[in-house]
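Counting in our numbering, the sequence shown runs from 1 upward without gaps.
Among the hints, erroneous ones may be present.
To be verified - The calculated lysine-lysine pairs, modelled on BS3-like cross-linking and capped at a C-alpha distance of 25 Å, are:
no., residue 1, residue 2
1, Lys16, Lys279
2, Lys279, Lys77
3, Lys279, Lys17
4, Lys187, Lys155
5, Lys79, Lys247
6, Lys247, Lys17
For the record, the hints were derived by calculation from the structure and aren't laboratory data.
None of these values were measured; they are calculated from a predicted model.
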Amino acid sequence: MTLTDTQKEIIAKASKKDLNGWHYLSVQGDPYEIGFQHGYLLTDEFRDAIRVYTHMTLELYGMDYSFFVQEAVKLHKNKISEEYLEEMQGMADGFTANGFETSLDDIIGWNDWMELTGYWWPQVAANYSNNPPQGPRGSHCSGFVATGSATRDGKPVIAHESFDDFWSGQYFNVCEEVHPTNGHAFKMQTVPGYIDSMTDFYVTDAGLGITETTIAGFVGYDVNGMPEFIRARKATQYANNIDQWVKLVNEGNNGGYANIWLLCNINTGEIARYEQGLKNQELLESTDGFYYGCNACHNPRIRNLECVDNGYNDTRQQTGARRARFEQLLPEVSGTIDDSVAKKDFS
């Protein structure tokens, strides 16, 4: 498909470099331009991801991928602000312009896939299945944030490790730098076709570092709320500090993709742990020490009232084992934590 002069001008403002299995993408402009650049430059990667997810959705859930796309559009399209609808439309048009026909609804369903399969589906699966799931699939990510006397130079260090099924995890290989017309520029680890990170790892020009580990065993979903991928993206793009980020990510909280968020502010040296359930939340902040996440929620209200067993006190489970190891290892390395320690001791 031949690009128009306008489309060529949009693409000229973006760049993509492939290195060691990673796709380094830089996009800039208004929402439509950002989306079009992302879509056009990552078409091949997105096409392959859709191929695999379409097959694996049926294998894992017994329902077609298109079923979840349709439900995502029903539940959330009318709740998404015009800014992000424009970006997703640009993304769809970029994919289409590069040979893979895609609609706005397709992009909404793709961004909503993890939330709908993991949080909405367990609530409604009994209407379709004789053996419905009891909650989200197992969670397996680790992360920490440290500052003050805990780090080598007294400045914040934030780290995150994702591990997932290979079929899905192979696509978590986009490192995207976003320079929007409005709000803050940010970098994120993401997936072809996503407007947020979902892994999650962000760094913003407001001085914020943001990551998370999902809350294992979380059960609860408000169909009238805002999807997490919109809330997290908005908070990352527009927050000037940790408290603003927490406020924005909680606006319209629907319980989808419930997380233990870890944050830092390099301008103030602050760090935070924000555990976000649907009915209960807890925010801890400090300028000295460390917080960690291993999927097992610390807050007893969220853990006991909004989750099924998540292994918090059971070292036979990977969540409890990692919690025990964090409690042992972080005090041991406190005072020496820097990038090299994070890579060596926590990978």
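Evaluated hints:
| no. | hint | in the structure |
| --- | --- | --- |
| 1 | Lys16 x Lys279 | violated, 41 Å |
| 2 | Lys279 x Lys77 | holds, 24 Å |
| 3 | Lys279 x Lys17 | violated, 43 Å |
| 4 | Lys187 x Lys155 | holds, 19 Å |
| 5 | Lys79 x Lys247 | holds, 18 Å |
| 6 | Lys247 x Lys17 | violated, 35 Å |
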